[in-house]
Each structure stands twice: as structure tokens, then as C-alpha cells.
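Knowing the structure of chain A, use the given hints to seat chain B on it.
Keeping their order, the protein sequence lines are chains A and B. When we follow the numbering used here, the leftmost residue of the first sequence carries the number 1, and every step to the right adds one. When we follow the numbering used here, the leftmost residue of the second sequence carries the number 1001, and every step to the right adds one.
I should point out that these hints are in silico values taken from the structure, not numbers from a laboratory. Careful: at least some of the hints might be erroneous.
To be verified - Below, a list of computed lysine to aspartate or glutamate pairs in the DMTMM-like style, where the Cα atoms sit at most 25 Å apart:
#1 B/Lys1074 to A/Asp111
#2 B/Lys1107 to B/Glu1017
#3 B/Lys1039 to B/Asp1105
#4 A/Lys65 to B/Glu1001
#5 B/Lys1039 to A/Asp111
Claimed, not checked - Pair ranges (Cβ atoms, derived):
#6 A/Glu89 to B/Ser1020: 31 to 37 Å
#7 B/Ser1014 to A/Ala88: 40 to 46 Å
#8 A/Ser71 to B/His1030: 26 to 32 Å
#9 A/Ser7 to B/Leu1009: 29 to 35 Å
#10 B/Ser1014 to A/Glu103: 38 to 44 Å
#11 B/His1030 to A/Glu1: 28 to 34 Å
#12 B/Gly1068 to A/Gly44: 39 to 45 Å
#13 B/Ser1020 to A/Arg101: 25 to 31 Å
Because the structure is a prediction, the values reported are computed rather than measured. No residue lacks a Cβ here, since even glycine has one placed at the ideal position from N, Cα and C.
Residues per chain, in single letters:
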Amino acid sequence: EVQLLESGGGLVQTGGSLRLSCTASGFTLSSSAMTWVRQAPGKGLEWVSSIRESGGSSHYGDSVKGRFTISRDNSKNTVFLQMNSLRAEDTAIYYCAKCSRAETGWCNWLDPWGQGTLVTVSS
Amino acid sequence: EIVLTQSPLSLPVSPGEPASISCRSSDSLHNYLDWYLQKPGQSPQLLIYLGSNRASGVPDRFSGSGSGTDFTLKISRVEAEDVGVYFCMQGLQTPFTFGPGTKVDIK
Chain A
1 EVQLLESGGG
11 LVQTGGSLRL
21 SCTASGFTLS
31 SSAMTWVRQA
41 PGKGLEWVSS
51 IRESGGSSHY
61 GDSVKGRFTI
71 SRDNSKNTVF
81 LQMNSLRAED
91 TAIYYCAKCS
101 RAETGWCNWL
111 DPWGQGTLVT
121 VSS
Chain B
1001 EIVLTQSPLS
1011 LPVSPGEPAS
1021 ISCRSSDSLH
1031 NYLDWYLQKP
1041 GQSPQLLIYL
1051 GSNRASGVPD
1061 RFSGSGSGTD
1071 FTLKISRVEA
1081 EDVGVYFCMQ
1091 GLQTPFTFGP
1101 GTKVDIK
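The following block holds chain A by itself, in its conformation from the complex (with noise of 0.2 Å):
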């Protein structure tokens, strides 16, 4: 069973930084491009950020760029999440889902998501 499992959420004042992990489970997660996606407090889904297969290329949204940086180590199984520069609005619900793709795609869908870490950032 492929299974997702989040770690490294916590509270964290303005400014600070925080390491999300998710760890892979199931699966080769060397085959499989990965993604962050988070869920603020009673809002919907917003796509922070996705790695490819290898770690050689990753994509950011506008919201985080600059300040999130996504990498994978695949001979740990495990995909990581570096929050710099924290703000009270990144405030949320980090989900880790893998990527699946179409022929000519590299991540089209998202299956399965992991349970999700939560993150606070408070002054």
C-alpha cells in the first residue's frame, strides 16, 4: 500500500524557519515526481510547491517563492519542505501527495495525499 507519512510541523514565530518532511512509503519514490500542497485554517487547497523525479527540477508558487525550497532523497525515501522567512499567512495544513502522469506529463494528478502536518506561525 503506498502510503504518505508528514512530519515537522509545529508552532513557530514570524520570521523563523521550519523543515517539513514526508516520508514514502509503497513505492520507489525515485519513479515519481512529488508535491506540496497546504490547506490554511477552514480555506481550500493552494499548491506550494512540486519536485520531479530525480530532484533536477522544482517549481515553487508565487506565494512561497524565494523563501520555500523543495528537495527529495530518494535513498531515504523522503521528501523535504524548507520554510525560511516564515509570515502568519503560510499558517496551514502541509499535505504531501505523489504526482502520477499522463504520457507526455510529468505530474497530472495527485494520488494518494498523506494526513498532513500542521504549521502555525505566531508573533
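Chain B only, in chain A's frame:
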């Protein structure tokens, strides 16, 4: 950035009745449109990918259709376990974007 709109945003449905949710895109998606259901207190789960393909384990009362800019998710007969928020997502290009969500509950 591709903008997705959903309608309705709230959908009360009686058990056994059909339900339909629309997702419209600001640009053509071809068929790169997916549907997710977030049940209360849970993480989102994939229902439909590439417009019309049911994900593994998804009951056949769920169906997706559409292409280009107009897509529809249909539930042929709503059951109590179908309550939650339904999101569409475009997987054509980054930034990947989601619709605002449609909350389905039982009358």
C-alpha cells in the same frame, strides 16, 4: 495562472438523489482536470483524473466528463458517505491550481 471556478459552492442533496458539480477554467485544459473529495477531518482523496477516469476504488456512481474549459462531476445517487468538499484541480501546468470547492451535505 489558470483560474478555476466551481458551481455551486454549496449543494444540499437528499440520499439517493443525483448531484452535479461544474468546474470551469479560464484557459483550455484539454483533459488535464482532476476531482478530489475531502471528507470531514480527512485529507483530500482522488476521485477522477484526466477528466473522466475513476481512481482505483472509487464507486461507479461517480463520473467525470468534459474537456477544454468545462468539466462536470456527477454522482448518480448520493450516499451519506459522500459528504464533504469537492475540489477540481488543473494538472496541465504549474502553478497547479484548485477550484474553491463545493460543499456537499445531506438534506
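Going through the hints against the structure:
no. : hint                              : result
1   : B/Lys1074 to A/Asp111             : holds, 20 Å
2   : B/Lys1107 to B/Glu1017            : holds, 11 Å
3   : B/Lys1039 to B/Asp1105            : holds, 10 Å
4   : A/Lys65 to B/Glu1001              : holds, 15 Å
5   : B/Lys1039 to A/Asp111             : holds, 15 Å
6   : A/Glu89 to B/Ser1020: 31 to 37 Å  : holds, 34 Å
7   : B/Ser1014 to A/Ala88: 40 to 46 Å  : holds, 41 Å
8   : A/Ser71 to B/His1030: 26 to 32 Å  : holds, 31 Å
9   : A/Ser7 to B/Leu1009: 29 to 35 Å   : holds, 33 Å
10  : B/Ser1014 to A/Glu103: 38 to 44 Å : holds, 41 Å
11  : B/His1030 to A/Glu1: 28 to 34 Å   : holds, 31 Å
12  : B/Gly1068 to A/Gly44: 39 to 45 Å  : violated, 23 Å
13  : B/Ser1020 to A/Arg101: 25 to 31 Å : holds, 28 Å
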